[in-house]
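Asks: Listed here are the chains, written in short residue letters.
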Amino acid sequence: MIQRLLPFFTLIALFIILSIASPNFLTATNLSSVVRQTAVINIMALGMTVVIIAGGIDLSVGSILALAGLLGAMTMEHNGIAMGLIAGLIIGGACGMANGLMTTGLRINPFIVTLGTMGIYRGLALIISKGLPVHEIPPSFSYLGEGTLLGVPFVLWILLLCAATVHVILEHTRLGRYAFSIGSNPEAAFYAGVPVRFHTTAVYTLAGLLTGLAGMIEASRLMTGQPTSGQGYELTAIAAVVIGGGSLRGGEGSVLGTLVGAFIMGLLANGSDLLGTNPYWQQVIIGAVIILAVAFDEMRKRRS
Amino acid sequence: MLLQLKNIRKRFGGVTALRDANLEVAAGEVHLLMGENGAGKSTLMKIVSGMLAPDSGELVWQGRSVHFRNPAEAASHGIAMVHQESLLAPHLTVAENIFLGREPRRAFGLIHRGQMLERAARIIEEHRFPLEAGWRVDKLSPAGKQMVEICRAIQQGSSLLIFDEPTSSLSSAETEEVFRIVRALRARNMGVIYITHRLEELRSIGDRVTVLRDGETVHSGALRAISADQLIRHMVGREVSTIYTRPALPPGEELLGVQNVTRAPVLHDITFSLRAGEIVGMAGLIGAGRTELCRALFGVDAIDRGSIHCAGQVLRVRSPRDAVRAGIALIPEDRQRAGLAAGLPVGHNLTMPALAAVSRFGFLNRAAESRAARDLTARFRIRAESAAQLAGRLSGGNQQKVVIAKWLLARSRVFLFDEPTRGIDVAAKLEVFQVMDELARRGAAVLMVSSEMAELLQVADRILVMRQGRISGELPGRTTAEAILRYAAFQSSAAAAGDQAG
Chain A
0 MIQRLLPFFT LIALFIILSI ASPNFLTATN LSSVVRQTAV INIMALGMTV VIIAGGIDLS
60 VGSILALAGL LGAMTMEHNG IAMGLIAGLI IGGACGMANG LMTTGLRINP FIVTLGTMGI
120 YRGLALIISK GLPVHEIPPS FSYLGEGTLL GVPFVLWILL LCAATVHVIL EHTRLGRYAF
180 SIGSNPEAAF YAGVPVRFHT TAVYTLAGLL TGLAGMIEAS RLMTGQPTSG QGYELTAIAA
240 VVIGGGSLRG GEGSVLGTLV GAFIMGLLAN GSDLLGTNPY WQQVIIGAVI ILAVAFDEMR
300 KRRS
Chain B
0 MLLQLKNIRK RFGGVTALRD ANLEVAAGEV HLLMGENGAG KSTLMKIVSG MLAPDSGELV
60 WQGRSVHFRN PAEAASHGIA MVHQESLLAP HLTVAENIFL GREPRRAFGL IHRGQMLERA
120 ARIIEEHRFP LEAGWRVDKL SPAGKQMVEI CRAIQQGSSL LIFDEPTSSL SSAETEEVFR
180 IVRALRARNM GVIYITHRLE ELRSIGDRVT VLRDGETVHS GALRAISADQ LIRHMVGREV
240 STIYTRPALP PGEELLGVQN VTRAPVLHDI TFSLRAGEIV GMAGLIGAGR TELCRALFGV
300 DAIDRGSIHC AGQVLRVRSP RDAVRAGIAL IPEDRQRAGL AAGLPVGHNL TMPALAAVSR
360 FGFLNRAAES RAARDLTARF RIRAESAAQL AGRLSGGNQQ KVVIAKWLLA RSRVFLFDEP
420 TRGIDVAAKL EVFQVMDELA RRGAAVLMVS SEMAELLQVA DRILVMRQGR ISGELPGRTT
480 AEAILRYAAF QSSAAAAGDQ AG
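From first to last, the protein sequence lines are chains A and B.
Quick note: the first sequence, position 131, residue 130 per numbering that gives the first Met the number 0, numbers continuous.
Quick note: the second sequence, position 115, residue 114 per numbering that gives the first Met the number 0, numbers continuous.
So here's chain B without its partners, still in its complex pose (with noise of 0.2 Å):
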């Protein structure tokens, strides 16, 4: 065997990320690692590499026991990773990032620039990648800086290249020239380890596969005695947990009405609705173009194509203010980075976006500012010192509310929330999906963008499926995760047909 981990556990402060993972990968085989998002496939593959180290559990490398302390350790043992997001120096050239901190020196510790170049396309030629080595990174496609990765993998040395979701952002033709480098990167006796979340490429690339479940392996054998029903029953394991169960209601009132929305490359023609009281899931992979779709709808991007309306009117969405003004309200996925100032007192982010409901002729009325921060913490229970304690002290769950709460200043009435339980504790998710129910229920249209499909399916009233910027199919709230990750991740949508019923 080229690699074992044997029962690895690790834990983030509460968050126990992996409890019993357990992985072997022989040389010569490309090793399927799946799993739903957050099983813990990354964290494993950043033990693996380097970056993470377990809190019990084994690690052997080609026969010993190994402790990496850093990924320059992993990387001199002869494993390497290819990265989702490339990390690349983008303005150097293809050869400078193969060789980047091994460039062949000449005296005086010169760089041999000649001879570095030679190198690099002796390696490019080797495997015909489609490079040159004077290109300069930026240039090229994200296929491409997999490619250059890869390169920098082969210069090195290594034996075991790891491939986290590889083609995610690449186009089906660059699909196939990762794939035929794959397979001859396997021809070399290499070890490969490939993460993935779409079905339908597994059978042309993969030998073995691993599944991973709630951080524990719960499935290890060859692909080929296995279905892909039974891969998905593995990923999703059978019990559904139902911590909250929310009782619809009669949907009202159209609130916002999607027609056609066009983003190229990222969304292509999006149509659906929300109505007041309900609260609609949108399930989909990462990439699909669920966060786009929010950001488009929101007016953060321009859309191509397509039309907004709310009750029979046409909402000209071209920026934030204006879906602000037209009673959108965004929750965005990264809550740090778009949602909150941090270093504001939390009265002030409160009621950010509508000072206008508590100023006069541009000044402010303090009392009433006051006053409305406090209810907003009252009701939404905040756990602040005061309004005027600064929004970055908060913990993390009382930060998503107040990101939250200060859209009911606004009168917002159509709420997207981009993963709204990413990063928080189950009390504060269930608080979270409480506040999402309580808004539906005072009229106001939700909808859920959440890679957790349990939750989805707890509070969902329906679910669209985004999968490759196209919403691919639409289901009941009670549904199965099975039928949600079929539309999420097959080609085809009419397999399906038969879930809609149940």
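So that you can see chain A by itself, here it is in the shape it has in the complex (with noise of 0.2 Å):
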């Protein structure tokens, strides 16, 4: 038990550290912009700690992150800001449903189809927007991703309005114990009668709709629909949920240990921006926890 609370207590250990070391880290400044900063990978994450645990991997969120960004910020131009939104959401649920229409139905491995479609959906960014970035967004939109509501960013609200639904839905709902099933013995869930394509495809269409909301405070932080955004955020997502105790063998994972494993990677980063680490050494430092924590976690399982 002491061993699987291990990311927790790390990430105690470096809040703490971090506070001792800098005097600008325990700040409300600071804190704010951590939080800002690590929200749109955070949401991205919850939405692959479902496909994760499902048994599948999605590499195409960063390029849906760009994708529903871009599509988003261009019907704001003209329609406003809740059509935006509602567009950048059902762009980013589609495309989501678009992987898992194509691995269930072409019987294809996710990481291909994804792989695929990680190209394919950058692609149509880059066409639509013809390589130029959307700038004309009302500016009343920037409260989204910079906002503050009752003394908090208001992404946090945002941050944890999402985390719970996507806990609900995993501990408490149909679909969730199916993703369990699934990514535990997709054989096993299969003999049991669980309609296993159609779980699958909405794990995915999920994973998808969270990009896009990820995508929206992205283009709200930046004020533009960047077609070249969120590249690399498939690999973070997916290194928070592994730091968080997810399982690339599916079946294992939890909204809790993703938060953790993202704000990890997020204090890290942080905490080497105060302390003047040279950045190049953060990427060093951040792929050795990523392997450290999955070498803890395999050494656990191993044990019990």
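Honestly, I wouldn't trust all of these hints.
As the list claims (entries may be wrong) - Residues on chain A that point at chain B, a partial pick, calculated with CB under 7 Å: (1) Tyr142; (2) Ser180; (3) Asn184; (4) Pro185; (5) Phe189; (6) Gly250.
Stated by the list, open to error - FRET-style restraints, in silico, Cβ to Cβ: (7) Arg202/B - Arg301/A: 30 to 40 Å; (8) Arg359/B - Phe197/A: 15 to 25 Å; (9) Phe110/A - Arg324/B: 42 to 52 Å; (10) Ala356/B - Gly130/A: 33 to 43 Å; (11) Arg336/B - Ile290/A: 42 to 52 Å; (12) Ile290/A - Asn188/B: 26 to 36 Å; (13) Leu149/A - Gly395/B: 32 to 42 Å; (14) Arg248/A - Asn364/B: 25 to 35 Å; (15) Gly231/A - Arg336/B: 28 to 38 Å; (16) Ala172/B - Ile107/A: 52 to 62 Å; (17) Arg324/B - Phe14/A: 44 to 54 Å; (18) Arg336/B - Asn78/A: 24 to 34 Å; (19) Glu72/B - Ile11/A: 53 to 63 Å.
As the list claims (entries may be wrong) - In silico negatives: residues of chain A with every beta carbon more than 12 Å from chain B: (20) Phe8; (21) Leu10; (22) Leu143; (23) Thr172.
These aren't lab readings, by the way, just hints derived from the structure by calculation.
Cβ atoms here follow ideal geometry from the backbone N, Cα and C, with glycine treated the same way.
Assemble the dimeric complex from its two separately framed chains, guided by the hints.
Replies: What follows is the structure in structure tokens.
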């Protein structure tokens, strides 16, 4: 049990160390910026958690983020913020659903399907925008990513709402239970009459939807629709899930673990900035943390 | 003598696979090794080919006592095995497979491809194998793959070749071809050990025969001197244990009707029915199509022809989901792979097929779910710390009970048990029998596929026998193992007609 909580303790230790090491860490401004910086990855990682629990993987979320953010911003130009938000969510959900339909319909490994759509969605974003960012966004849209509600960043409320929703889905709905079943043993799930294809598709759709939301937050923070945004985010999201105890073999993972995983990486990046660590070393440190986290987790599983 | 095995013993945990196995094989003979499933034939051959070490006993090879530590050592002594499930590299060519690990080399360790092809072609030509050195192995038929393994053995200079049920997946023409090659090998003074279940093919191939029963050699001698009846008696033994007996129930309404179900080439015109309160046994040799039948009835594999109906209503079973809805449950042969989510809690496994029963509008009623899980764990006496324990941590027998119990919540009425007692201990077996009996008493129909004839005789009300994808006979529950074996192994069913009365 203590080892299961290792990521949690790591996060707390990191928090304490940074509080002592840097006078600028434990300030409202800095903590708010950590939250804002990690919110986008966090929300994507929540969707990735469900996908990974169901034994899948989604490499295309970085591209979905860009496509949804771009089209959302373009819609906003003429039809207002609400329509833009809805468009971003729908685009995200549709991209995710397409991933799910191809995985289940063509029976292709999701790694390959989403490797393909990673290129397709990114290419579509570049084609539609002709490679240029969209700037004509209503100024009030910046509230989504940069606003404050009840003293904390607005995105924190969104993140908590998403986390609570995904937690309820995983632990209290049939969709969540089937995700665990399919990920743990797809054959046993199929033999038990679980509608494997439907729920696999639903899981990818959910991940796309959350990524669409993350794309709108990213667009709000940058106040542009960027066809090139989100590159490499898919790997950071996967890393957050894995540090938080998710298994790429499927059947394991939790919302709390993923949040902790994403915040560990967020604090590492923030801490390196504050302490003036060479940014090139940041990548080395985060890479090492991913490997160590999974190594400890595997050790724990083998022993029990 | 080429090979002598003396008083071989081998235990796996608490199970004795071999208690006193003896076997002598001479050069230039085809020696048949026979016995029921689980008699220890495969274990004995794994010992000969170096895959397993015996606990005690002696292995004498060409007059010298030997201990093989691995298959490579056995191969270097000249012992080779042709496997039932091909152990070849499917993406490589015939020649590459023949020389795998022993490729002819050129300077700098490069493979001498030309020489390899030429030498492979020579072996193929000399024995008139229907192969080409350059063909890819995954394009070959099962028979072709076996021939590649035989070529490999010849290339290694083997003097003893072991065939493990080589013809179980072959057509009759292919079988003839294998026989021709086996005879050719014998003519070159090689020793051949040949494992088979098919009584009708013995005479055309074997010289001597050794029969194993419960890990013991019970007969060894010339094939000419023994009749088929005597062989069967040796294989089955006289004593059929009577640990479990089940009073038959008066059968009720028909719950499942199967008519002319065909799935080429594994199932042909299968017709039978299951009634409430019945336990129907399904006997047959490995590869007779019993598992395929269960898969087809459960909607895993599509059927070409025929119909499945329930209470006069035709069922369209195109997926396990349809089957589950129609009240059919499958307890698969390979529990670990297809029956159990080992990484999930026992409780989640128990409610998986009937999650709708404990949820509303897609939301789980966790309290109702735990109640259902607790109820099932208690009713099936599943020994788990709690419903939250991971299913993979349970013992084999308890895992089996989880795989059965989960169907109760789904209100299944037709239970297909595929080899339910494989790999579980005697006590757990009895509990599984009791569960089947209880299911029948509560009005379910049970189909029990088993290769353990003694178990079928104890549990089943009547016994269907399958042979090469067809139902070759139906026998009353109180029949004999000899009668079952006749239907399972012989071509003509007329020979056994007399047994139906007894």
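Asks: Does each hint hold? Answer for all of them.
Replies: Okay, the hints, checked on the actual structure:
{"no.": "1", "hint": "Tyr142", "in the structure": "violated (33 Å)"}
{"no.": "2", "hint": "Ser180", "in the structure": "holds (6 Å)"}
{"no.": "3", "hint": "Asn184", "in the structure": "holds (4 Å)"}
{"no.": "4", "hint": "Pro185", "in the structure": "violated (9 Å)"}
{"no.": "5", "hint": "Phe189", "in the structure": "holds (6 Å)"}
{"no.": "6", "hint": "Gly250", "in the structure": "holds (4 Å)"}
{"no.": "7", "hint": "Arg202/B - Arg301/A: 30 to 40 Å", "in the structure": "violated (54 Å)"}
{"no.": "8", "hint": "Arg359/B - Phe197/A: 15 to 25 Å", "in the structure": "holds (19 Å)"}
{"no.": "9", "hint": "Phe110/A - Arg324/B: 42 to 52 Å", "in the structure": "violated (33 Å)"}
{"no.": "10", "hint": "Ala356/B - Gly130/A: 33 to 43 Å", "in the structure": "violated (54 Å)"}
{"no.": "11", "hint": "Arg336/B - Ile290/A: 42 to 52 Å", "in the structure": "violated (31 Å)"}
{"no.": "12", "hint": "Ile290/A - Asn188/B: 26 to 36 Å", "in the structure": "violated (59 Å)"}
{"no.": "13", "hint": "Leu149/A - Gly395/B: 32 to 42 Å", "in the structure": "violated (56 Å)"}
{"no.": "14", "hint": "Arg248/A - Asn364/B: 25 to 35 Å", "in the structure": "holds (30 Å)"}
{"no.": "15", "hint": "Gly231/A - Arg336/B: 28 to 38 Å", "in the structure": "holds (37 Å)"}
{"no.": "16", "hint": "Ala172/B - Ile107/A: 52 to 62 Å", "in the structure": "violated (38 Å)"}
{"no.": "17", "hint": "Arg324/B - Phe14/A: 44 to 54 Å", "in the structure": "holds (52 Å)"}
{"no.": "18", "hint": "Arg336/B - Asn78/A: 24 to 34 Å", "in the structure": "violated (52 Å)"}
{"no.": "19", "hint": "Glu72/B - Ile11/A: 53 to 63 Å", "in the structure": "holds (56 Å)"}
{"no.": "20", "hint": "Phe8", "in the structure": "holds (23 Å)"}
{"no.": "21", "hint": "Leu10", "in the structure": "holds (25 Å)"}
{"no.": "22", "hint": "Leu143", "in the structure": "holds (29 Å)"}
{"no.": "23", "hint": "Thr172", "in the structure": "violated (5 Å)"}
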